[in-house]
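Visitor: So you can see what is in the structure, the chains are spelled out below.
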Amino acid sequence: MKYIDEFRDRDLCLGLAKKIESILGDSEVTIMEVCGTHTMTIFRSGIRTLLPEPIRLLSGPGCPVCVTPAAYLDQAIALSEIEDVIIATFGDMMRVPGSGSSLETQRAAGKKIAVVYSPLDALNIARNNPYKKVVFLAVGFETTSPSVAVTAIEAKKSGISNLYLLSAHKRIPPALRLLAEDRDLNVDGFILPGHVSTIIGVNPYLFLAEEYGIPSVICGFEPLDILQGICMILCQLKGKRAALEVQYKRAVKNDGNPGAMALLNKVFIETDSEWRGLGTIANSGYAMGEEYKELDAGEVFPLEEMPSAENEGCICGEILKGRKIPNQCPHFGESCTPYSPLGPCMVSSEGTCAAYYKYG
Amino acid sequence: MPPITNMDKKILLAHGSGGSLSHSLIDEVFLKNFNNPFLSEKDDGAIVEIGGTRLAFTTDSYVVKPIFFPGGDIGKLSVFGTVNDLAVMGAEPLYISCGLIIEEGLDRRVLEEIALSMAQAAQIAGVLLVTGDTKVVEKGGADRIYISTSGVGIVKKDLSVKGIEAGDRIIISGSVGEHEVSVLLAREEFPFRSQVTSDLAPLNRLASDILVVDGVKFMRDPTRGGLATTLNEIAEGIGLGIMVYEDKIGVSDGVAAVCELLGLDPLYLANEGKMVVVAKQDCTGEVLKRMRKNPLGRESEIIGEVAAELNGRVCLRTRIGGTRILDMLAGEQLPRIC
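Read top to bottom, the protein sequences are chains H and V.
Mapping the first sequence onto numbering that gives the first Met the number 0, position 103 (from 1) lands on 102, and the numbers just tick up by one.
Mapping the second sequence onto numbering that gives the first Met the number 0, position 235 (from 1) lands on 234, and the numbers just tick up by one.
The shape of chain H in the complex, shown without the other chains (with noise of 0.2 Å):
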């Protein structure tokens, strides 16, 4: 396939992987992916074993699923239990495990959710069934929230008063902070995700670079981008020099996206989030602006305070910190499976745990 195929050139990948291995001469070098779709293309392209072992690569926070915490999945899965709601969700949500049930669950026990692959269709489901009421489980970054947005402008334009969002929308920057900050993370580099940087562009990252001295390089997704991101970091270390570089110049411009940045302003406003496994991080979510309260799922059906549980001894926060592998937990290929995953971080086929688990 045209622009798929040439960046997964065999030749072309053999040959960066052996001027990586030249770079690196003796020295150990600790990379770091934030996005889960960098993950599964470097475990589904098989790219770990063309590397050289003193490269380790780690999984960061960017698997929009795994970083939603239990208490958002209780409160879909009561939503749920309400008559005359629809729950519409991306797929991966069906089997994250909530404090006792999954969305998967419910709907083999009869409730009503509809797998969307699109907001949109959420919207086409709210307007074909204007005496139900549709809630849409509002998951992902930056590359997802706009088209969120957009339903929800669609929604009240066209007058459908019968769609609400359950917002756990998430912003990368303010997550990739945390992670600097940590001093016990040990990341030589960032492998910053592509799709999340054609919306908001480059300048978001530049405090990796000025104020951490951490070399960053934005990329794209196939393997060939992926080896080359690697390359340009190792440069970095080798000139020791730490600078923000974009791989990934074929859909990445340096000022994003604004029209997308201006409808996601329009609908949302910056707050607060909790992200499984590394806790509250201040203004790392967007909820509903003033102007669209009344679409807010939250606001509409109050729900009770419940008291959430994550699954004890599960380590999704250190792995998706990378401190640790999915290896060390004591819950991986035992009790915590595809099959009957723990954390969300299995279930997700982004997950680090599940993509260790499938590609070993």
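Just so you know, the hints here were simulated from the structure itself, not pulled from any lab data.
Glycine is no exception: its CB is placed at the ideal position from the N, C-alpha and C atoms.
Do not take every clue at face value.
[Stated by the list, open to error] Calculated Cβ distances over 12 Å to all of chain H for the following chain V residues: (1) K8; (2) G18; (3) S39; (4) A45; (5) R53; (6) I100; (7) Q119; (8) G131; (9) K134; (10) R143; (11) G173; (12) E245; (13) L287; (14) E300.
[As the list claims (entries may be wrong)] With a cut-off of at most 25 Å between alpha-carbon atoms, the simulated SDA-like pairs for lysine to any residue come out as follows: (15) K111/H with L184/V; (16) K64/V with A107/H; (17) K110/H with I144/V; (18) K111/H with K138/V; (19) K110/H with G311/V; (20) K31/V with K41/V; (21) K18/H with R316/V; (22) K111/H with L261/V; (23) K1/H with C258/V; (24) K247/V with L15/H; (25) K131/H with D120/H; (26) K247/V with A107/H; (27) K247/V with L13/H; (28) K161/V with I46/V; (29) K9/V with I81/H; (30) K156/H with A107/H.
Position chain V against the provided structure of chain H, taking the given hints into account.
Guide: Chain V in isolation, oriented as in the chain H frame:
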């Protein structure tokens, strides 16, 4: 196989996906209750001996949604599906039964169209539909129409995973994923179209073309769960590893594009007209020659080999030259494609 956990006290769609959850359901519910030497083979059908004749016997149910899709319909699928199960067991398919569960309110013309399609499929495959049953359930009791077919055939050659050894080659009769993609897009849930047509076809002639070659040890049609699941079933059955080469596995541009857009892996997508063959290395030339002569096997390729190392796992040599494990799918990739 992982146990069914407390969270799964109800049957989930994922239990019908053909992946790991389906397998644990078979082990924990069906084998436990019906266990006998035939069933415990866990094959797509059983081989029974009656009056000195070895018969292959299989059954399958079809709930595909929508019931019409590019390249076929539920009727044709129900005939070819059962024919193919018999064919890959090394049998010549002969007789088929058909049970229909119809939802009240189905348009009569739709039923007639499906019946005609089944008759044509039976004729093409050279089998007779010799018995059947019809039930009608109340509106909402089923989704339009479900078909269950069983079939018998005479075994021409005993095939078993047990004869497979390290060094044997894995062959597939063509590109993967067309059936599932065509069904998926026929649901019109996505705002894009493609030209992908289901590969639905009867495999009995292609199978008999190669059965005469000595070194052919095993055949399987990689339906639900796709090529990856079939390879894992073979590896599990023999306790040996399998190495397959990504660049040898055909994926049409249409299937590849849909997979890229939706994040699907074509190796897990269902096929309804493809055959995986395990054959001794020294006869692969002959097998390939015969397969490629048949229009259904024109694009046959050697895609991998059985390996003593690899710890009984299926591994994929990726296109860029890396290696990864090709595991069985945990749950549903997409529901109801057959």
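Visitor: Give a verdict on every hint.
Guide: A quick look at each hint next to the structure:
Annotated as non-interface, K8/V brings its C-beta within 12 Å of a C-beta of chain H; the closest such distance is 8 Å. Chain H draws G18/V into its interface by the beta-carbon criterion, the shortest separation being 9 Å against a cut-off of 12 Å. Annotated as non-interface, S39/V keeps its C-beta farther than 12 Å from every C-beta of chain H; the closest such distance is 22 Å. Against the 12 Å criterion, A45/V stays outside the reach of chain H, whose nearest CB is about 28 Å from its own CB.
Distance check on R53/V: its Cβ is at least 37 Å (rounded) from any Cβ of chain H, clearing the 12 Å threshold; non-interface status holds. Once the 12 Å rule is applied to beta carbons, I100/V is consistent with being away from chain H; the minimum gap is 21 Å. The Cβ of Q119/V sits about 35 Å from the closest Cβ of chain H, beyond the 12 Å cut-off, so the non-interface label holds. Every Cβ of chain H is farther than 12 Å from the Cβ of G131/V; the closest lies at roughly 32 Å, confirming the non-interface assignment.
Here K134/V stays apart from chain H, with its beta-carbon at least about 24 Å from theirs, past the 12 Å limit. Against chain H, the non-interface label of R143/V holds: every CB pair exceeds 12 Å, the least being about 19 Å. The Cβ of G173/V lies farther than 12 Å from every Cβ of chain H, with a closest approach of about 18 Å, so its non-interface assignment holds. Under the 12 Å C-beta cut-off, the non-interface status given to E245/V relative to chain H is violated; the minimum distance is some 9 Å.
Every C-beta of chain H lies more than 12 Å from that of L287/V, the closest at about 24 Å, which supports listing it as non-interface. No beta-carbon of chain H comes within 12 Å of the beta-carbon of E300/V; the shortest separation is about 18 Å. Between the alpha carbons of K111/H and L184/V the distance comes to roughly 23 Å, so the proposed pair stays at or under 25 Å and holds. Annotation: proposed proximity of K64/V to A107/H holds, straight-line Cα distance about 19 Å (limit 25 Å).
For the given pair, K110/H sits about 24 Å from I144/V by alpha-carbon distance, which is consistent with the 25 Å threshold. For the hint linking K111/H to K138/V, the alpha-carbon distance of about 19 Å falls within 25 Å, and the restraint holds. With a CA separation close to 41 Å, the supplied pair K110/H and G311/V exceeds the 25 Å bound. Straight-line distance between C-alpha atoms of K31/V and K41/V comes to about 13 Å, which keeps the hinted pair within the 25 Å bound.
Proposed proximity of K18/H and R316/V is supported: the alpha carbons are some 21 Å apart, at most 25 Å. A distance of roughly 23 Å separates the Cα atoms of K111/H and L261/V; the hinted pair therefore holds under the 25 Å criterion. The straight-line distance between the Cα atoms of K1/H and C258/V is roughly 14 Å, inside the 25 Å bound, and the hint therefore holds. A distance of roughly 23 Å separates the Cα atoms of K247/V and L15/H; the hinted pair therefore holds under the 25 Å criterion.
Distance check on the hinted pair: K131/H and D120/H sit about 15 Å apart at the alpha-carbon level, within 25 Å; holds. A C-alpha spacing of about 40 Å is found between K247/V and A107/H, which places the hinted pair above 25 Å, so the restraint is violated. Proximity of K247/V to L13/H is assessed by CA-CA distance (about 19 Å); at most 25 Å being required, the pair is judged to hold. Pair hint K161/V plus I46/V holds up; C-alpha atoms about 15 Å apart against a cutoff of 25 Å.
A threshold of 25 Å between alpha carbons decides the hint, and for K9/V with I81/H the separation of about 21 Å falls inside it, so the pair holds. With a CA separation close to 35 Å, the supplied pair K156/H and A107/H exceeds the 25 Å bound.
The earlier numbered hints that this structure contradicts are 1, 2, 12, 19, 26 and 30.
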